[in-house]
Structure formats: C-alpha cells, structure tokens
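Peer 1: Protein chains in written order, with the working numbering: chain A, 1 to 354; chain B, 1 to 354.
It is worth saying that the hints were derived from the structure and are not from the lab. Please note that the accuracy of each hint is not assured.
It does not matter which identical chain is used: a pair holds within one copy or between any two.
Stated by the list, open to error - Restricting the straight-line Cα-Cα distance to at most 16 Å, the calculated cross-link-like pairs of lysine to aspartate or glutamate (EDC-like) are:
| # | residue 1 | residue 2 |
| --- | --- | --- |
| 1 | K185 | E146 |
| 2 | K69 | E181 |
| 3 | K165 | E320 |
| 4 | K132 | D240 |
| 5 | K52 | D31 |
| 6 | K165 | E325 |
| 7 | K233 | E181 |
| 8 | K188 | E146 |
Number of protein chains: 2
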Amino acid sequence: MRIAVDGMGGDYAPIEIVKGCVDAISFIQGDIDIIGNESLIQAELEKYKYDKNRIQVIHASEVITNEDKPVRAVRSKKDSSIVIGMERVREKKNDVFISAGNTGAIMTAALLILGRIQEIDRPVIASPFLGKEGPTLLVDAGANAECKPRNLVEFGMMGNIYMEKVLCFDNPKVALVNIGEEEGKGTKTIQAAHKIMKQTQRNFVGNIEARDLLQGKADILVCDGFIGNIILKYSEGIVDFAIHLIKEKLKESILAKIGIVFLMGKMKEIIKEVDYSEYGGAPILGVKGAVVKMHGSSKAKAVKNAIIRAIPYVENNVVEIIHDEVNELQKIAEGIIEKDSFLQEMNEEGKKIQ
Amino acid sequence: MRIAVDGMGGDYAPIEIVKGCVDAISFIQGDIDIIGNESLIQAELEKYKYDKNRIQVIHASEVITNEDKPVRAVRSKKDSSIVIGMERVREKKNDVFISAGNTGAIMTAALLILGRIQEIDRPVIASPFLGKEGPTLLVDAGANAECKPRNLVEFGMMGNIYMEKVLCFDNPKVALVNIGEEEGKGTKTIQAAHKIMKQTQRNFVGNIEARDLLQGKADILVCDGFIGNIILKYSEGIVDFAIHLIKEKLKESILAKIGIVFLMGKMKEIIKEVDYSEYGGAPILGVKGAVVKMHGSSKAKAVKNAIIRAIPYVENNVVEIIHDEVNELQKIAEGIIEKDSFLQEMNEEGKKIQ
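Chain A on its own, in the form it takes in the complex (with noise of 0.2 Å):
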C-alpha cells in the first residue's frame, strides 16, 4: 500500500501535513509518498525521527491555490500537487490521494484525470461530522447544487458503503433530508428519489427534518450538494453566534464569568471535533480511484486519521464495491421507473431520473 498525500495543500501545509504523515506512520503497514515542493517538504522532514524507507518524497513545482479557478488551474498546472497526486492513483503509483488543498479544483481532478465509475451519474463528496451517536455522514457535502432524483440514489447507495466499510457501521440507516418525515414531502425529485429509495437502499429510514440531522436518527444523510452546502456552513455559523450570545448575555453574572473562561477553551475544543477531523476526512465518492478531501484548516491530527481511515477505503475495496453496486441499482431502478407513472412523468419533463 502506497498513500499518496499532498504535501501543499492547506492553510497549514507542508508543516502540519508532514508533521501528520510523520505521524501516522507508526499505525499504518503502508508507505506514504507526500508530493510537493522537494525542498520545503524535505526541511520539514528531518525535524523528525521516522523509517526513511517508508516516507518518500514526489517532487511538484506547482501549487494550486485556493483562488485558483478550478477547471483552469487543474488543465494548465500539470505539475501541481493535486494532478500528480491523481496521476498517481490513476497509473496505480499510489492506491489512494489524501489533500487539504482547493475543494473544486480536487473534485475537478478526480473527475478529469480519474473519470466517473461508469454508470454513476455524479461523483459526490461525502462529509463525516459528528452527531448524538457518533459520526454522521453527509453526501453530498457540496459537490452538486442541483441534483436529479438519480444522483441522490446514488448518494445513498455509495454513503452506505463507505460508511459500512470505513468507518465501520453495522447496517447504517440512510435517509433523505426533506423538509416533513411523511412520505410524498419535499421537491418533486425529493418524492422521486424517495420512491426509488424505498425500494432500493439497504436499511432506508425515509425522510429526515432537520432538527434530528445531529441526533442520531441516521447514519447517512442524503441531500443536493446546495442542501448540504447549507447545513455545514450554517453549523459553523451558528456556533460562532452562539459563543457570542453566551459572551454577551452571560457578561454581567459574576458567578457565570467563572465558568466562562474555562468554558470558552471546552468549547472550542468540542466545537474541534465536530468537524472531521476525527474521521479522517471527506471522500470523493463515484470515481474510479480512492480520493479524500481534508479539511483546509487541517492540522498535523486531522492528517494522521485521514491517512488511517484511508487502509480501509483501499483494502475493503470502497471503489469496486461501487462499481457492482451501480450496475444492480440501475438494472432494479428502471423496473420501478416503469412501474410507477410518477417516476415516468419525470422522466418525460426532462427530469431524467434515470
């Protein structure tokens, strides 16, 4: 086993990246190969004591940055981390590509130089964050802000795996984000895809409000990349508002000025792990290689894990399993379409549901 990770991509790479390979080596059987500037990466490097043997080096002399627009950044710096990492898994250099560097431009990398498993739709982002009773799986965390009920069926289907297979569920509940539990709720692609889910998805819970994402209701959390665009930035959002209401409101009472000190270093280190730094990253779901997005704000901890969680994702073969899975869902989905004179009705206006 060989990890790929991109030694430049991040608000605190190469020093955090490398610290986190450095990091991880002792957990894992594998070698890690962080690609990036030779020099900068090096330095770092020797701070530590570690197996020369199993940390490697792969020379880049580009950089794509966050303002890079993605498209352009990904066809014109052929020598950027990010492509050679993906180079890399496509040749089957390396077996898997960990980065914390531009979100688009990764996506946009899995998709031009890996391609799409066949028969999946759209390749998603898959968001692990923390909920009641442990992780939760978001997907899509913002790959695709307009979805056809096929693409969220795929969603479900592909978070099942890799949340089986990674993070190691029993039997995760999958269900839809919409806006009432009652079946029939929802957009009319919402009311498709559910129709479809029903009778599709292993263990489907059906729909999901909301106020229950965090409490544990289920493990996979279906929606439109805009859905979930929404949900992870609102949650950085409202805790940074809540710190402050606390501040503001809680200023004048001596007794809860105590606790405030103490509390708003707790908070902050709670607050830490509800992002994903515990489970080692979001996956790029739907492309014929293994990917995982980190974290910009990643530290050398967040790197360790992801780079953990990624021997499952590689061993357990999250991307064959995929490809099978893709093939029976198709086969069984056109059945129900032609059963069901709602689900053809879509697909006459160009809804396209399959």
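Please build the complex by placing chain B on the supplied structure of chain A, with the hints as guidance.
Peer 2: Leaving out everything else, chain B in the frame of chain A:
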C-alpha cells in the same frame, strides 16, 4: 382598529393566548376579538381585570388541530377559529388575524379566503429571528418548497417592506441565501433571481453564505421554503445538540459543573430569545389582508408582542404597499428579461421567471 386573535391555536391555548391578549390591551389603542370556544375563553378572561369593552369573544364551535390536513380542514371546518378569523379579515370586521395554530391551515385559509394580491405569484411566510445585529427576516420560512425566480424576487420585495414598516429598520439589506458569494453561484433559479434583484431590489447586497446568516451582514434573507425550513429546524436541532455536548463533555470537570447548573438555565433563556417571540410572529405576505402566524409554542409574552407588532403592520398599509410595488416590479422585470438571453432561455425552459 380591531385585532382578531385565534383563541384555540398553539400548544398553550387558550390559557396563554388569553393572558397575552389581556397583557397587550394596555399597550395598544385598538380592541381585540378572541375567536374560539366561548365558555373556555370566558373562563380564562375571568381570571383577569381588564376593560371589558375592549376584549370581545367570538364563538367558534370547531377547532383545526395540528393533525388536520390543511386543505380538507379549511374546507370542512367552516366554524373553526382559523376560518372565522380569516373571513372576518376579508369582511373588514377585523384588520388583522393572529394565530398560533396549524401553519398549513393558516396558509391555506389565507389563500382560499383572502386570496393572493394580484400579480403576487406565491404568498410567503416571513419569519423574524435573532441575529448578531438584531432581528433578521427569513423569507420564505417554509411555505413554498419549490420556487421560480420570480417568487424569490417577490419575497425580497415583500420582506423589505415588512422589515421597514413593521420592524422599523431603515434601509434593511436584502440578500439571497446561496452557496457562494460571487454572482453566478448556485442553481439556475437563484442565478436568475440574482440578475433581476440586482436591478430591482432596494438595498440588495447580493449572495450570502450560510455561515454568515446570523452575522448581521443582511437583514432580509431570501430563499425558497425548503432551504428556509432546513435553516429554522436545523437551528432548533443544533441548539439541542450543543447542550447535549456541553453536558457530556464537561461533566468530568468540577469547575465546569458549578458553571453548568447556572449556565443551563441561562442558555435556555438565551435560546428562547433566538426564536421570534420578541418580534411578534411571522407574517404571511402576499395575501389580501394582514395575517400573523405565531410559533406553536407561543406563551403570553409572544402573543402580546405579536399583537403590538400587528399595529404598524395594519397602520402602515403593508398589504397596500405590496400591492402597489409588485405591479411596478413586474413592469421593470419584464424589461430586464427582454434584454437578457439567459433569463429568456429559462422562461422558455418552462421555469417561468414571470
């Protein structure tokens, strides 16, 4: 001025509703009609001292519950407080109707009994909530799961008028909830709405990302009812989750324990403020009459505030101003669409911008 209040709607009806009416009467100049079961409401009224000439009870023999299907309930329960209240506004016996009852039934009754303002395509629920800089108005808070561009444009216009005339904001800023700040982000529907609002909306500040919704960057947040529902319900869920996390994570620390008992009480107080009880409920905008939906769990304070806020809603002619402005808006929008190929294309695709 005669204000109609639904005596039977909400979790604490009629007790808290009646108390709220009695509390409000000394703050306003108009009179109040409480609609509902006469003997129940009279029994509550007898608990208080108040000017009996200023609060009347209008008997209603039926009640629409939260379990009732909206359309069926409005059609069959003709003697319910919601139907009677709406009829009284239509007949100008009352100037405004306020209810904490079944949201769908209130919306349906407003549509069927009062009717849409001519040229308004879809009436909307506008929900005020607390942000860093004071109240923020979310339009649509859940009435229309699927929206056309013109609906979003109208939501912005109506929300702006309400915010100015009722919540007394000078020049409130209007933003479109989106997945990025740059123009051209988001779904085609949002892109089209953006193009029109840029040229028609007073004080339009462009797109706003979900992480900024509570930061006071905009005063009116325009989105479809699906997104609005997700935002409002997720807010409830995340507060529950935060309390759970704090309790779980801090229970080992003695210093924190001292603070927690105190903080939990304060936290609940703060959280209550984050709902719209301060801002007098959520108006239904775009119908031919003034209607306010209160939260189902409204207590006397929220009822009192809703009644007080109803005064400027009526006195400042919000309904009439919306009527006048939408005609103006439609004319300008037609001119914009004529000159824009993207907007024309969407019109032809059946997305019905107009």
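Peer 1: A separate judgement is required for each hint: does it hold in the structure or not?
Peer 2: These are the hints, each one checked on the structure:
1. K185 / E146: between (18 Å within a copy, 11 Å between copies)
2. K69 / E181: Between copies, since 15 Å is at most 16 Å while 39 Å is not.
3. K165 / E320: Within one copy, since 12 Å is at most 16 Å while 60 Å is not.
4. K132 / D240: between (20 Å within a copy, 10 Å between copies)
5. K52 / D31: within (10 Å within a copy, 84 Å between copies)
6. K165 / E325: Within. Shortest intra-copy distance 14 Å satisfies the 16 Å Cα cut-off; inter-copy 57 Å does not.
7. K233 / E181: For K233 and E181, only the inter-copy Cα distance (13 Å) is at most 16 Å; the intra-copy one is 24 Å.
8. K188 / E146: Intra 13 Å, inter 9 Å, cutoff 16 Å: intra and inter.
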